[in-house]
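J.: Chains as they are written, first to last, in this note's numbering: chain D, 1 to 257; chain Z, 1 to 257; chain U, 1 to 286; chain V, 1 to 286.
None of these hints come from the bench; they were simulated from the model. Even glycine gets a Cβ: it sits at the ideal position worked out from N, Cα and C. Where hints are given, some of them may not hold.
What the hints assert, rightly or not - Some residues of chain D that are not near chain V, with every Cβ distance over 12 Å (derived):
| no. | residue |
| --- | --- |
| 1 | K5 |
| 2 | A17 |
| 3 | P44 |
| 4 | G67 |
| 5 | P82 |
| 6 | Q90 |
| 7 | G163 |
| 8 | V165 |
| 9 | P195 |
| 10 | T197 |
| 11 | T210 |
| 12 | Q213 |
| 13 | P221 |
| 14 | Q227 |
Said to hold, decoys possible - Below, a list of computed lysine-lysine pairs in the DSBU-like style, where the Cα atoms sit at most 30 Å apart:
| no. | chain 1 | residue 1 | chain 2 | residue 2 |
| --- | --- | --- | --- | --- |
| 15 | D | K58 | U | K191 |
| 16 | D | K120 | V | K137 |
| 17 | Z | K122 | U | K246 |
| 18 | Z | K122 | U | K139 |
| 19 | V | K246 | D | K58 |
| 20 | Z | K120 | Z | K179 |
| 21 | V | K96 | V | K246 |
| 22 | V | K191 | D | K120 |
| 23 | Z | K120 | U | K137 |
| 24 | V | K263 | Z | K58 |
| 25 | Z | K120 | U | K96 |
| 26 | Z | K179 | U | K137 |
| 27 | D | K149 | D | K120 |
| 28 | V | K44 | V | K263 |
| 29 | U | K246 | U | K139 |
| 30 | Z | K177 | U | K137 |
As the list claims (entries may be wrong) - Covered, in the sense of this in silico footprint (three residues per stretch, anywhere, with C-beta under 8 Å from a C-beta of chain D), are these stretches of chain V:
| no. | region |
| --- | --- |
| 31 | 80 to 87 |
| 32 | 233 to 247 |
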Amino acid sequence: MADYKPTEMMTIAAARALRNDDVCFVGIGQPSAACNLARLTHAPDIVLIYESGTLATKPNVLPLSIGDGELCETALTTVPVPEMFRYWLQGSRIKVGFLGGAQIDKFANLNTTVVGPYDKPKVRLPGGGGAPEIATSCGEIFIIMAQGKRSFVDRLDFVTSIGHVAGGDSRARLGVKTKGPTKLITDLALFEPDPETKEMTVVSLHPGVTRAQVQDNTGWPVKFAAQVAETPPPTARELEVLRELHARTNRAHSEAA
Amino acid sequence: MADYKPTEMMTIAAARALRNDDVCFVGIGQPSAACNLARLTHAPDIVLIYESGTLATKPNVLPLSIGDGELCETALTTVPVPEMFRYWLQGSRIKVGFLGGAQIDKFANLNTTVVGPYDKPKVRLPGGGGAPEIATSCGEIFIIMAQGKRSFVDRLDFVTSIGHVAGGDSRARLGVKTKGPTKLITDLALFEPDPETKEMTVVSLHPGVTRAQVQDNTGWPVKFAAQVAETPPPTARELEVLRELHARTNRAHSEAA
Amino acid sequence: MARISSLSEAITDAVRDGDTLALEGFTHLIPHAAGHEIVRQGRKGLTLIRMTPDLIYDQLIGMGCASRLVFSWGGNPGVGSLHRLRDAVENGWPQKLELEEHSHAAMANAYEAGAAGLPCAIFRGYIGGDLPKVNAKIKRVTCPFTGEELAAIPAHRPDVAVIHAQRADRAGNVMIEGVLGVQKEAVLASKRSVVTVEEIVDELPERSLNAVVLPYWTIQHVVAVPGGAFPSYAQGYYARNNAFYKKWDDIARERDTFLAWMKANVLEKGPEAFAQYTRKTRAAAD
Amino acid sequence: MARISSLSEAITDAVRDGDTLALEGFTHLIPHAAGHEIVRQGRKGLTLIRMTPDLIYDQLIGMGCASRLVFSWGGNPGVGSLHRLRDAVENGWPQKLELEEHSHAAMANAYEAGAAGLPCAIFRGYIGGDLPKVNAKIKRVTCPFTGEELAAIPAHRPDVAVIHAQRADRAGNVMIEGVLGVQKEAVLASKRSVVTVEEIVDELPERSLNAVVLPYWTIQHVVAVPGGAFPSYAQGYYARNNAFYKKWDDIARERDTFLAWMKANVLEKGPEAFAQYTRKTRAAAD
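With these hints in hand, go ahead and build the complete structure from the sequences.
T.: What follows is the structure, encoded as structure tokens:
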């Protein structure tokens, strides 16, 4: 088995969750790496949409920002941002949306706004961006986040975007018809919502990861599924494509300032 | 003085009312002829917009329809129709709108919907099209209509688009901030609203036209301004440009079916 | 997901009796060939939506396909009346036609809201006129910030949109240029869609980074029907046949001349009859 | 009516102390040179609107030009925090910064409504999260047809919009290509506007019948500032300088390094300093 980093396992596990006929709303960073890895491996026809308006883009290097020229040049076309949010996101034309955040709770609600009180923040984070409506308008949501007790918390300081709210049918009772977070992919494990309670539940541990390790990096008592699988390790091909993608990207982004 | 038809006088009088810095929402037929005549004579920089989305178009021949290819090919650019009605018309970016109709009343309200009752029409007309919002969103409205007792009526069968409503400040009381009809140009005369009552009032008679002729072709007792001018007759240049425009247009529109 | 289909397959699959149907095209790119196929397949009880119903709707109405029309301007542009539309409204021939009448602004906003997945559209309109008295779907909403009363109308959400465009690629991505009308909105607002095109090409031309493209996953059927917009036009392929529009006034004025024309030119023909009208004419073509 | 101006004239005329100002650009075409001129002219008390405040807003905030920020995502994309923004919010340096915080969907809709002359926008959003608890401008409107509760927000109507674009012609018609963002909406929603461009040309290229063009009569000032988007980019002219975005993290982290950089690169320079960054690179340029 090849040697690999936990974040590589995380990206690869996320990529595997994508299907060839998905239409994805892609965020910068891990989601972008996962979506493009999927496109370069098992899902060549996957449709990637970035909120800058680029439809069906096929970047050769990962964008640093959500609107790099690379995205526009390789897109089917680029639409204005109001159209993106009206016709494409709100119009229910996106199957999978990706989110991450500074904090997540056990129902996969997310905080990307502040640490501490809103009016007197300890850390002022960038804010929600597209997340509040991505969370409710996409068919389903995949979340990618590295685990840690400061980010996997019992109680969010601020709910920027909803996951399964307070669990059970509380999301549906808000009138939201989409599925919400169906997968939470971390550097340690893969979580899916319990069918009844909607609590995010470990369904697969990455190779070599123990239940104790997951618990030590989570701020609530972790629930494990009746059957917990072991995530298949990265294949040589997956690692090769991912590393080439990152290498190309790093070369491109460090060209003369 | 050159020999000319009353409809030529009407078109020319309408063209003269336009200024070089106007931005006009142009309808098919007489308004289109008048606007393009203005553009080809004293107002070369006038901006003509057709509701098909063509911005700042400079057609060489008059379009038969509101969206002939000629309009698009000679435009600065062409926008989608929803944008046309949202950003350009509702966005208050049009200074002058042109309207006509099957029936008009003394306050320049217009009917282009039905003759007879709506549910059992004697004549079903094409309908309002853009008129209801053109009438209220453009800075001011010019109306071009040939006079006759069947069209200049005491009471409209249906109010498709408003002019000065019931006169006085009744238009403003509806919350409408634009001026409404400031000119009514007919084949006999030029009308403008009385500053107080807003009743359309004859301010100029076309050469050779009598007050009695105007009254005979109007279904309400016509009001004449204290000073009624005589419309200057068409100049040779105006007639030449207008006739060439119509001749080019007729040649273009009768090409093989 | 777009499928490259024959016109007959596409209409059979997508258009059903009783459907709410939008054949859009604002003067440009009106899907005449697809409309003819609907007539040939004898659809009944359709609700027809369109900003500017013109010849093709005159034909569908005159052939008894439609029971309801949602529209804002129904005429033969620059020529006059639609005689079959008038005959249906004024005399109930060949059947009664119920009208739901709007302004252009309302129709454009209703398509836009449909494409945007909203239940309604709001706009500044319908002030003072009589249309709200005869159309119960025109309501008012109050702006919660300024107190201004705005017009509200339900979004258009047709069962099917049918449009014509210049080109598609083999995956079914459709590119539209020129007078765009509300076609993109109509397709995005509809449950199903049929797009006829002048040609299917290996690669869409690289005209603009912001070209108007309907991606394949927003469309059900793509059908190559060269000339399929005639007597409307396809920018870059052929011009509007204004002479035919004038001629239609005579054809459609009387029931018998109308029926004879429909028999000879629609019922006894197929979509291939349109091919004679196409020819690339201008730069827009590539 | 557009006037071809120098940058200094344009900012002097269009931007006043206390104005509500939108310098827009969604990664692409961010008007950095114009932002620097605002800093040099020492504007105070500005309300800054922007979906994605990034380096240029970090600079305006750090130099004390702004008292209020209306935004949806404030970070250095792909890099991390905006340290000057955080310092203002967390520590009130160099002055307090009031926040009005939205989602992207809300901001995009607010610009769209502003361009459309509406007092408010409605959309399906802000469901279940905490933003409506901290932003009193988020209200609800009920659809009169379905009863669905939709989010409502006031339209953006800035005093001034400042954008950068590829080209203008001599009349002042401005053409934009590539990632379009909300720039067209921002200009149409604003009372006044300044557009800096890479170049002023005799004729806009005939790229598309549906090119994105802001006509001259919707704009106040057009200014040629080659390279004026750096370190953002101008599609067809120069690429985004991602390395500079990374470097900014170090420059802006501490107050003194920030002030030293601003002194050397903004206060002691003029718009001509941007010219070194422009070079036509790609097909889009023609």
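J.: Going through the earlier hints one by one, which of them does the structure break, listed in rising order?
T.: Violated hints (numbers, rising): 4, 5, 6, 7, 8, 20, 22, 24, 29; every other hint is consistent with the structure.
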